[in-house]
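Participant: Protein sequence lines, in the order shown, are assigned to chains A and B.
The opening position of the first sequence corresponds to residue 1 in the working numbering, with each subsequent residue numbered one higher.
The opening position of the second sequence corresponds to residue 1001 in the working numbering, with each subsequent residue numbered one higher.
Treat the hints with care, since some could be wrong.
[Stated by the list, open to error] So, partial list: chain B residues that the calculated Cβ filter (under 10 Å) puts toward chain A:
#1 Phe1073
#2 Phe1084
#3 Val1085
#4 Ala1101
[Stated by the list, open to error] Computed cross-link-like contacts, DSBU-like style, restricted to lysine-lysine with a CA-CA straight-line distance of at most 35 Å:
#5 Lys63/A to Lys1135/B
#6 Lys249/A to Lys300/A
#7 Lys1005/B to Lys58/A
[Claimed, not checked] Ranges between beta-carbon positions, derived for each pair:
#8 Leu1138/B to Arg186/A: 45 to 55 Å
#9 Leu197/A to Asn1012/B: 57 to 67 Å
#10 Glu289/A to Ser1023/B: 21 to 31 Å
#11 Asp1086/B to Asp210/A: 29 to 39 Å
#12 Gly286/A to Tyr1022/B: 24 to 34 Å
#13 Val1147/B to Glu151/A: 38 to 48 Å
#14 Arg1076/B to Leu158/A: 28 to 38 Å
Just so you know, these hints were derived from the structure itself, not from any lab.
Bear in mind that the values here come from a model prediction, so they are computed numbers and not experimental data.
From the three backbone atoms N, C-alpha and C, an ideal C-beta is built for every residue, glycine too.
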Amino acid sequence: MSMDVEVLEDPKHHRYVLNMGPQHPSTHGVLRVLLELEGEYAMELLPVLGYGHRCHEKIAEHKPVKSFMPNTARMDYLGALIYNHGYAQLLERAAGIEVPERVEYIRVITSELNRIQSHLLWYGAYLLDLGAFTPIMYAFDDREHILDILEDVTGSRLTYCYFRVGGVSKDIDDKFVTSTRAFVKRLRSRFPMYEDLVNGNVILQNRLNDVGELTPHTCARYGVTGPLLRGTGVAYDMRRAEPYSIYSKFDFEIPTGTKGDCMASFMVRFHELEQSLRIIEQALDGLPEGPIMTPKVPKKLKIPAGDYNSSVEAPRGELSYYLVSDGSDVPYRLKVRTPSYSNLSVVPEMCQGMLLSDVVSAMGALDLVIPEIDR
Amino acid sequence: MDINKVKGQWQNLSTVIEDIDYSVSGHDYNVCLDHEKVRDFAALMLEEGFYLVALMAVHVSPAIEVVYQFAHFETRCRVLARAFVDDNGEIPTISDIYQGANWHERETRDFHGIVFVDHPYLHPLILAEEDVDLKPLLKEEANLKDVAAVRRQPPEPAPEPKAKPEPKPEAKPEAVKSQEQS
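Take these sequences, add in the hints, and give me the full structure.
Facilitator: Right under this line is the structure:
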């Protein structure tokens, strides 16, 4: 009898470990999380990574710098062009290559299309995680238009390798411009529908409000960036903080939240769709004529000795490439700092003591792409 | 954040502080640290509101170099801090100051075999448990470069040997020049 009382009184005896993943649908990839549960509450969390490790950093040390471009797209399959952009910028900065103006415009337009595409997928998939089946149909309908537009110009639908050092591989044509304008118009006309269908929904509000709250200080300690950070009220976006390419020419806002909970980052992402549309519109209006490639890029691109950094705003936060060169055309060391990696590392602290169902809400709000964590 | 004040505090901790041209390298400052000062430096950076962008290692001769990259949410200030590991391949952890360093240090342990002293859970993160001794990013003897070979270099060697305090103002224009020539 005494044994039973002991068991009932000591909370440690109630704990058990639940294995979430690596094939769980709401982890969106091969991520495994060990949850120590007490009843329905997650008391300890331990993410287990590395199932999708493909040695990208090791591969980079074994081939010429220019040949690494396709690998960048395979890290974040949803933000492939933005990963292209960061890497192209890194080499251009390191080798001192000027890029024609038209190229910068094309890069910005396609990168922003890519960002919208990523946010739309997250929007549908996140709501699916929360039990709403319909929105993903609408989101994928819109997303399909972007994939078609980008397929025409880049040749692929997901893992783009479109940017080159000093340019892009193919020029955009009138068809691209018309269909992009049509898409901007269409997506804008869909926003009221999304607002009505999803954003004001009382179930969504209850699932997201006050769940997974972060503060700017927590974000600094963990290196959390992107919409999660902006949800806490810090207007930190690499497009503004360290303006790269021609982003300083455009008029756009950086949406922020206040509470830092899942609802805040949800709304930040939703409003970023509109801001990306604004950038695309302005870029299409100002699109100059000109070459799409710098003529003087050597075939064997030697990077002067030293270390270089290039940071861009990926859909999930700050992406940084850090290159150490010994003067040859093969990197001595290439480090890729991916946003999801740092964003996920906050989970054990953020989700401690949470209901299991809220863990799904909180992890979905991170918008994880596992291949960029594992690299 | 007042960068001059912060730089003043770096003086007590570091051996070299360099201003770097952002348009050339993508950083603003380069700070060389002694491995014993790493924790003090991290604590100072957190207090000033910097966040840890990444932590990585570069295998050079004579010792593996650990590179910390910091940036700031309010102003553009990208800082690279570097420190060599000690003779046993160890360096103090900063994961109790910047919790985000926890995983970066585990990853660096996987790739380079560096031991972060007092790390709470230095288990393989990216690599599998059985690959704990693989250390895939260590260079082979033939490929290992001296640390001077991976530093930004002036285009032609200066004829007169100058003392250390001098190169600071010179380093910037020379680095720009080397970019243009390439």
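Participant: Now, for every hint given, state plainly whether the structure supports it.
Facilitator: Status of each hint after checking the structure:
1. For phenylalanine 1073/B, the shortest C-beta to C-beta distance to chain A is roughly 5 Å, which falls under 10 Å, so the interface hint holds.
2. Among the interface hints, the one on phenylalanine 1084/B is violated; its C-beta lies about 15 Å from the nearest C-beta in chain A, farther than the 10 Å criterion.
3. Interface hint status for valine 1085/B: violated, as the beta-carbon distance to the closest one in chain A is roughly 15 Å, over 10 Å.
4. A distance limit of 10 Å between C-beta atoms decides the matter here; for alanine 1101/B the minimum to chain A is near 8 Å, and the interface restraint holds.
5. Of the pairs offered as hints, the one joining lysine 63/A and lysine 1135/B holds, with about 20 Å between alpha carbons and a cut-off of 35 Å not exceeded.
6. Straight-line distance between C-alpha atoms of lysine 249/A and lysine 300/A comes to about 33 Å, which keeps the hinted pair within the 35 Å bound.
7. Restraint check: the Cα-Cα separation between lysine 1005/B and lysine 58/A comes to about 39 Å, which exceeds 35 Å; the hinted pair is violated.
8. The supplied range of 45 to 55 Å is met by leucine 1138/B and arginine 186/A, whose beta-carbon atoms lie about 53 Å from each other.
9. Checked against the given bound of 57 to 67 Å, the beta carbons of leucine 197/A and asparagine 1012/B, roughly 58 Å apart, stay inside it.
10. Taken as a hint, the range 21 to 31 Å holds for the pair glutamate 289/A and serine 1023/B, whose Cβ atoms sit roughly 27 Å apart.
11. The beta-carbon spacing between aspartate 1086/B and aspartate 210/A, approximately 46 Å, falls outside the hinted interval of 29 to 39 Å.
12. For glycine 286/A paired with tyrosine 1022/B, a C-beta distance near 26 Å keeps the hint of 24 to 34 Å intact.
13. One distance hint, 38 to 48 Å for the beta-carbon pair valine 1147/B and glutamate 151/A, holds here, with the actual separation near 46 Å.
14. Between arginine 1076/B and leucine 158/A the beta carbon distance is about 33 Å. The supplied range of 28 to 38 Å therefore holds.
The structure fails to meet hints 2, 3, 7, 11 from the earlier list, while all remaining hints are met.
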